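Protein chains in written order, with this note's numbering: chain L, 5 to 424; chain C, 5 to 424.
Think of the hints as simulated: they come from the structure by calculation, not from any bench. Every value quoted in this text rests on a predicted model; they were computed, and no experiment measured them. Just so you know, not all the hints are guaranteed correct.
If chains are identical, the list can't say which one is meant, so a pair holds when it fits in one copy or spans any two.
Said to hold, decoys possible - DSS-like, lysine-lysine: derived pairs with alpha carbons at most 27 Å apart: (1) 284 with 404; (2) 354 with 325; (3) 337 with 325; (4) 205 with 246; (5) 205 with 94; (6) 284 with 354; (7) 354 with 396; (8) 254 with 205; (9) 325 with 396; (10) 396 with 337; (11) 404 with 337; (12) 59 with 94; (13) 396 with 205; (14) 284 with 396.
There are 2 protein chains.
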Amino acid sequence: MITASICTIGDEILIGQVVDTNSAMISRALGQLGVRVTRMLSIGDDHETIVRTLKEELSAQDIVITTGGLGPTKDDITKAALSALSGSRKLVEHAGQLAIIHRILHSRGLDVLDINRAQALVPDTCEVIENRRGTAPIMVFRLNGSAFPGCPSLYAMPGVPFETEAALPDVLEDIRRHHAFDAIRHRTLMTFGMAESALAKRIASWEDALPQSMHLAYLPNPLTGVRLRLSVYGGDASEAEKMLDQEVDKLHNLLGDSIYSFQDDTLEHAVGEALLRAGKSLSVAESCTGGEIAHLLTTVPGSSAYFLGSVTSYAVSVKEKVLGVPADVIAGKGVVSSEVAAAMAEGVRKLTGSDYALATTGWAGPGGGDPQNPEGTVWVAVTSPGRVRTEKYHFTNDRKRNIERFAASALFLLLNEIRA
Amino acid sequence: MITASICTIGDEILIGQVVDTNSAMISRALGQLGVRVTRMLSIGDDHETIVRTLKEELSAQDIVITTGGLGPTKDDITKAALSALSGSRKLVEHAGQLAIIHRILHSRGLDVLDINRAQALVPDTCEVIENRRGTAPIMVFRLNGSAFPGCPSLYAMPGVPFETEAALPDVLEDIRRHHAFDAIRHRTLMTFGMAESALAKRIASWEDALPQSMHLAYLPNPLTGVRLRLSVYGGDASEAEKMLDQEVDKLHNLLGDSIYSFQDDTLEHAVGEALLRAGKSLSVAESCTGGEIAHLLTTVPGSSAYFLGSVTSYAVSVKEKVLGVPADVIAGKGVVSSEVAAAMAEGVRKLTGSDYALATTGWAGPGGGDPQNPEGTVWVAVTSPGRVRTEKYHFTNDRKRNIERFAASALFLLLNEIRA
Numbered sequence: 005m006i007t008a009s010i011c012t013i014g015d016e017i018l019i020g021q022v023v024d025t026n027s028a029m030i031s032r033a034l035g036q037l038g039v040r041v042t043r044m045l046s047i048g049d050d051h052e053t054i055v056r057t058l059k060e061e062l063s064a065q066d067i068v069i070t071t072g073g074l075g076p077t078k079d080d081i082t083k084a085a086l087s088a089l090s091g092s093r094k095l096v097e098h099a100g101q102l103a104i105i106h107r108i109l110h111s112r113g114l115d116v117l118d119i120n121r122a123q124a125l126v127p128d129t130c131e132v133i134e135n136r137r138g139t140a141p142i143m144v145f146r147l148n149g150s151a152f153p154g155c156p157s158l159y160a161m162p163g164v165p166f167e168t169e170a171a172l173p174d175v176l177e178d179i180r181r182h183h184a185f186d187a188i189r190h191r192t193l194m195t196f197g198m199a200e201s202a203l204a205k206r207i208a209s210w211e212d213a214l215p216q217s218m219h220l221a222y223l224p225n226p227l228t229g230v231r232l233r234l235s236v237y238g239g240d241a242s243e244a245e246k247m248l249d250q251e252v253d254k255l256h257n258l259l260g261d262s263i264y265s266f267q268d269d270t271l272e273h274a275v276g277e278a279l280l281r282a283g284k285s286l287s288v289a290e291s292c293t294g295g296e297i298a299h300l301l302t303t304v305p306g307s308s309a310y311f312l313g314s315v316t317s318y319a320v321s322v323k324e325k326v327l328g329v330p331a332d333v334i335a336g337k338g339v340v341s342s343e344v345a346a347a348m349a350e351g352v353r354k355l356t357g358s359d360y361a362l363a364t365t366g367w368a369g370p371g372g373g374d375p376q377n378p379e380g381t382v383w384v385a386v387t388s389p390g391r392v393r394t395e396k397y398h399f400t401n402d403r404k405r406n407i408e409r410f411a412a413s414a415l416f417l418l419l420n421e422i423r424a
Numbered sequence: 005m006i007t008a009s010i011c012t013i014g015d016e017i018l019i020g021q022v023v024d025t026n027s028a029m030i031s032r033a034l035g036q037l038g039v040r041v042t043r044m045l046s047i048g049d050d051h052e053t054i055v056r057t058l059k060e061e062l063s064a065q066d067i068v069i070t071t072g073g074l075g076p077t078k079d080d081i082t083k084a085a086l087s088a089l090s091g092s093r094k095l096v097e098h099a100g101q102l103a104i105i106h107r108i109l110h111s112r113g114l115d116v117l118d119i120n121r122a123q124a125l126v127p128d129t130c131e132v133i134e135n136r137r138g139t140a141p142i143m144v145f146r147l148n149g150s151a152f153p154g155c156p157s158l159y160a161m162p163g164v165p166f167e168t169e170a171a172l173p174d175v176l177e178d179i180r181r182h183h184a185f186d187a188i189r190h191r192t193l194m195t196f197g198m199a200e201s202a203l204a205k206r207i208a209s210w211e212d213a214l215p216q217s218m219h220l221a222y223l224p225n226p227l228t229g230v231r232l233r234l235s236v237y238g239g240d241a242s243e244a245e246k247m248l249d250q251e252v253d254k255l256h257n258l259l260g261d262s263i264y265s266f267q268d269d270t271l272e273h274a275v276g277e278a279l280l281r282a283g284k285s286l287s288v289a290e291s292c293t294g295g296e297i298a299h300l301l302t303t304v305p306g307s308s309a310y311f312l313g314s315v316t317s318y319a320v321s322v323k324e325k326v327l328g329v330p331a332d333v334i335a336g337k338g339v340v341s342s343e344v345a346a347a348m349a350e351g352v353r354k355l356t357g358s359d360y361a362l363a364t365t366g367w368a369g370p371g372g373g374d375p376q377n378p379e380g381t382v383w384v385a386v387t388s389p390g391r392v393r394t395e396k397y398h399f400t401n402d403r404k405r406n407i408e409r410f411a412a413s414a415l416f417l418l419l420n421e422i423r424a
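Assemble the whole structure, with the sequences as input and the hints as a guide.
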């Protein structure tokens, strides 16, 4: 089993100003390849710490991937530390990366300064993978000798996620060409509507009966539901796939419609697929969810094929003026009610001419609420010609999480209506 | 200087299915207190790995904070590892946490299963900080003896960010009561509109002249601009604050209006403050930004005081029908144009009756674009009675990042218009 550490370098992560998203992205990619990430670390922009930490990791792993510390400003010192680590005595200029640096800065209307040019210099002990989206090249060190008897590889990648992402396929290709490894295979099921512990209880005997080489992880997430990730380590490829198929079938029997997708997925993507398959269009009227549902739907590439648009009616006046919700309904039933949700949905449906409409009205908090609908309540409506479905949900979280749960519950209800 | 490691426990992080946001949150809080985080790690749900790794960290740090591995399902084993580490021989039931477990499950309409009840059991070697938002208690170990001569403390926190966040103040309070430490003081300035390297060049001589105890970090972020974080380590409190004031003044002279806030901030919050101060309201018409701007604005608590609502006119028909953009303008000038952006803004402003309106229309990609406006172009319009301002921006990123940059540029233009 090829093992790896991922090490992010940068004070900004240590002091908590930036959340590390690169490690997760790199790890997912390595996992597909069959490389097992056993450790992730974050360390600061300190030469001695970088050298010492990387030495430790390289003595324990086949592969170490670093991100960060390759920028042009004064707090970026990864390159010097890697020179020291690899026993390099001089820097050489990489012509290909220098050309990219010129191209990128030129396209942004910027001059090429000395500090930008210097990014094309690399230790003479490494190979280069060009960074097409940024100025810092990816450096590949194949270490050996008495200091590194295990002959580990180190890949130094940029810290800007947009650049790391683009360079990842080349790094994976390099790893593939230089290593042989066992497979880790995963199947991911997306569930919604059941709490983690209730899910665990329902599948407990199935889980206990799993073979040794298989492992189930529960990955709850407010926006996508509880992800179930089933993994099998090693073994023959088709054998492993057959085992996964069998166990997924059993899970399907146990969980039924709580499973909304048989791959790593999101509710907004599943909704999109369902609309495309049905050849239907959608509009959305939001209130307390503030545009979150429209935003989620439009992150799906190609969503313009079914999503016409949305109205976020934050003020009551906008519900009346734009969506045509009758003032007496708001006064009589309350702004958070089944009737107002349905009226909002019908309003945006007629306004845009869509087939389906989804609406939310609720109290995300802090504060708000009425006797029938305390803080944390949302009414969701899904309408289509001749049909109205409304449901009420209640959550006890903070504002941000209530909004996420409102949006997710709304999308799940919509998905079930489209698929019905 | 009190130092700390933050260690997240969980296979889901190692395989890249979940991004670790807890470490950043915890670190920010520790930094305010004056505790310096020098390492962050992520390890898997393996008993031996947890014990070994935590022993290493505890031998090198004053404080170790772990998150994760405390859930009720089969892959959560932190508690057993901590028992082994602390030499505990039995588990005891914490009555306060058990009561919370009952309350939470009851409010969700769930039964209290044995696996839920077991979460109230803790090693007899720890103290408990109650978890009010979840079922797993926070465990505090004050280690000593020959195994831990430095007398470090270990805090085992839940992995669910919503719960970690609520428990953090109590953990900080405990740390404060049990340690004495030097201060790290930060000032954060928010800038927008200048690339990181151009910023660095402009302030280069100022940065070179900084005293030894001060340090500047550049923290670029597509949604908020480049954050500049100036830190001073140790020293007398009022002396340090004076030093920070002086250097911030110098930066203000160098960077002028590129600085939009003198504290850690976001564009949407700065816009909200400006609208409140001016006593004005806002509506938004979005196209390619898909609801992102409305979503950002409504994440600011109290935004209902100034934000009336938005229309996301994803389809051209919705631009015409709902926003009243004349079909001949779209046909003549193109859907991505200064004229259409202005018409969209005026349309939503009249529809909602707001004082200000902001509109975006652009090509986020992939694909799209026309001869005058290639892929990655956005037109932004800000209108108010008798005034229209439009600007064009161009970015060369992928769809998701282009949308973020479109939204941020729009908010920055709006902010400057309100403050003008």
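Looking back at the numbered hints, which does the structure fail to meet, lowest number first?
none
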